Amino acid sequence: MEYIKTLTNKNLKETTLYAGCGECQTSCQSACKTSCTVGNQKCENEKANEK
Amino acid sequence: MNMNMNKGRIHKFYLNEKYIVLDINSGSVHVVDEIVYDIIEYYEEYNFEEIATKLRNKYEYTNILSAYNEIKQLENEGLIFSENMDINLEYNKENIVKAMCLHVAHDCNLKCRYCFASQGNFNGERKLMDLETGKKALDFLVKSSGNRRNLEVDFFGGEPLMNFDVVKELVFYGRELEKKHNKHFRFTITTNGLLLNEENMRFINENMDNIVLSLDGRKTVNDYMRMTLNDNGSYDIIVPKIKEMIKLRKDKDYYVRGTFTSKNLDFSRDCIEYYNHGFKNISMEPVVTDLDKDYAIREEHIETIMKEYEEFSKIYMNLRKESPDFLFFHFMIDLNQGPCAVKKSVGCGAGSEYIAVTPEGDIYPCHQFVGEEKFKLGTLETGIINIELREQFKSANVNSKDSCKSCWAKYYCSGGCHANAYYSNNSIMKPHDISCKMEKKRIECALSILANE
Ligand code: SF4
Ligand code: SF4
Chain L
22 MEYIKTLTNK
32 NLKETTLYAG
42 CGECQTSCQS
52 ACKTSCTVGN
62 QKCENEKANE
72 K
Chain C
12 MNMNMNKGRI
22 HKFYLNEKYI
32 VLDINSGSVH
42 VVDEIVYDII
52 EYYEEYNFEE
62 IATKLRNKYE
72 YTNILSAYNE
82 IKQLENEGLI
92 FSENMDINLE
102 YNKENIVKAM
112 CLHVAHDCNL
122 KCRYCFASQG
132 NFNGERKLMD
142 LETGKKALDF
152 LVKSSGNRRN
162 LEVDFFGGEP
172 LMNFDVVKEL
182 VFYGRELEKK
192 HNKHFRFTIT
202 TNGLLLNEEN
212 MRFINENMDN
222 IVLSLDGRKT
232 VNDYMRMTLN
242 DNGSYDIIVP
252 KIKEMIKLRK
262 DKDYYVRGTF
272 TSKNLDFSRD
282 CIEYYNHGFK
292 NISMEPVVTD
302 LDKDYAIREE
312 HIETIMKEYE
322 EFSKIYMNLR
332 KESPDFLFFH
342 FMIDLNQGPC
352 AVKKSVGCGA
362 GSEYIAVTPE
372 GDIYPCHQFV
382 GEEKFKLGTL
392 ETGIINIELR
402 EQFKSANVNS
412 KDSCKSCWAK
422 YYCSGGCHAN
432 AYYSNNSIMK
442 PHDISCKMEK
452 KRIECALSIL
462 ANE
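Line by line, the protein sequences give chains L and C. First residue of the first sequence? That's 22 in the working numbering, and the numbers climb one at a time after it. First residue of the second sequence? That's 12 in the working numbering, and the numbers climb one at a time after it.
What you were told as hints is all true, and nothing was included just to trick you.
Covered stretches of chain L (chain C as the covering partner; in silico rule of three or more C-beta atoms under 8 Å from a C-beta of chain C):
hint : segment
1    : 24–30
2    : 42–48
Listed below are the simulated DSSO-like cross-link pairs for lysine-lysine, each with C-alpha atoms no more than 30 Å apart in a straight line:
hint : chain 1 : residue 1 : chain 2 : residue 2
3    : C       : K261      : L       : K63
4    : L       : K63       : C       : K258
5    : C       : K190      : L       : K63
6    : C       : K448      : L       : K31
7    : L       : K63       : C       : K254
8    : L       : K26       : C       : K318
9    : C       : K291      : L       : K31
10   : L       : K31       : C       : K263
11   : C       : K147      : C       : K385
12   : C       : K83       : L       : K34
13   : L       : K63       : C       : K416
14   : C       : K325      : L       : K31
15   : L       : K31       : C       : K83
Below, a sample of chain C positions facing chain L; criterion: calculated Cβ distance under 7 Å:
hint : residue
16   : S39
17   : H41
18   : V43
19   : A110
20   : Q348
21   : P350
Bear in mind the hints are in silico, worked out from the structure with no lab data behind them. Given the structure is predicted, the values throughout are model-derived calculations rather than measurements. By construction, the Cβ of each residue, glycine as well, lies at the ideal position given by its N, Cα and C atoms.
Next up, chain L with everything else stripped away, as it sits in the complex (with noise of 0.2 Å):
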């Protein structure tokens, strides 16, 4: 590619096929937390991870 540079590797859609195995960090949102938003959050599921 020339004119486009993609930064993510992973198509979200994928991610279904192992989706919600629960293992990673809970993310509140809010101002008096911890404020772990879901964004800068990593994935704990290690078959994914594999990946």
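Since the structure of chain L is provided, determine the placement of chain C with the ligands on it from the hints.
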């Protein structure tokens, strides 16, 4: 608003010298040349020849053709203009609870103006959690966690250091439970720092996975909002303690979090102050409060705040050149190892996988609902008995809330804060519009930063 946005498949914007196109449904993010950006404007409505004609004064035909083909290729790969996905959202069918906010002290040694806990007592009596209740809470968590191994407990308040002996005992108890039940506890603590001393700092450092230290920016700002019980400012007492704590932390997690209000809309200055203090992990959050308070953030402040975020994103990129480990929480997005689509749809999981427990042993969907009688889910004795309420929380996600469904930011924002929605619009299904605007701006800033790094 352009056609593409109406169709709701992509979102594009220009920020920090980058043209960025986000494919909403696949979550893909593309940094593109201006020519691609221009073509995309017409891509869904016109065929190639029509687009070439429209853009012929700006670009060479052959360049338009190759740029167009690149877009086509991405489209075929499902990375741009992709269809809405139908996630079968059977979220938390087994009603597993894996995270708990433990209100070990409904009491506080500061009185912050905006405190949602009403200066620590959550509209109730001042009360400390006793050890027995704390242990029951951890038992409840283990029992409700099914096959989840990673469990999270945040010691919260009020001010949790006012009940530090119980915190300590509960950590020890948790370590016993871990062995017995093959679990792993991730303990965190949220404190205003006032009571930090050598002993508790050492304990916290060794046992907590993360420490959240509250401080509201510059001295003038902090001391206006965060007063000691005899009305003095708290800044000069707390800052040295925070520095001590951070020194101990080395490479372990902590962060210094502040709140901005309409009194310091130039909050980038507060963030710079943190940076100058050597605080490397920081966050600065918009205040959540009743609109009639003079420091509340209202519609009329939004434009200034948007500019401030953009301004801070530029400053931030420069600071990171000097100091790559400087992190502003809202500008961090992990595009490659981020969570799955389910997680991105449901967000915080309050009322389902996440609950809050009060000193009395009452259970609420999260810390923000504590004390709101109609949001009580049950008690440690009865377990969760308000099933209907739990179902409401479970089914509030980006595909069920009207405004989220069509929002470009849905898989980055995950539907916002239920409490925020409830306190502003009286329904957890109706996100707080001002928060949405800020969230979207933060995401744009974060993506433009990634595009530049
Ligand atoms: S809460 Fe607001 S910003 Fe977040 S996805 Fe919903 S509408 Fe969008
Ligand atoms: S509802 Fe809001 S305050 Fe409560 S856990 Fe979710 S994001 Fe946090």
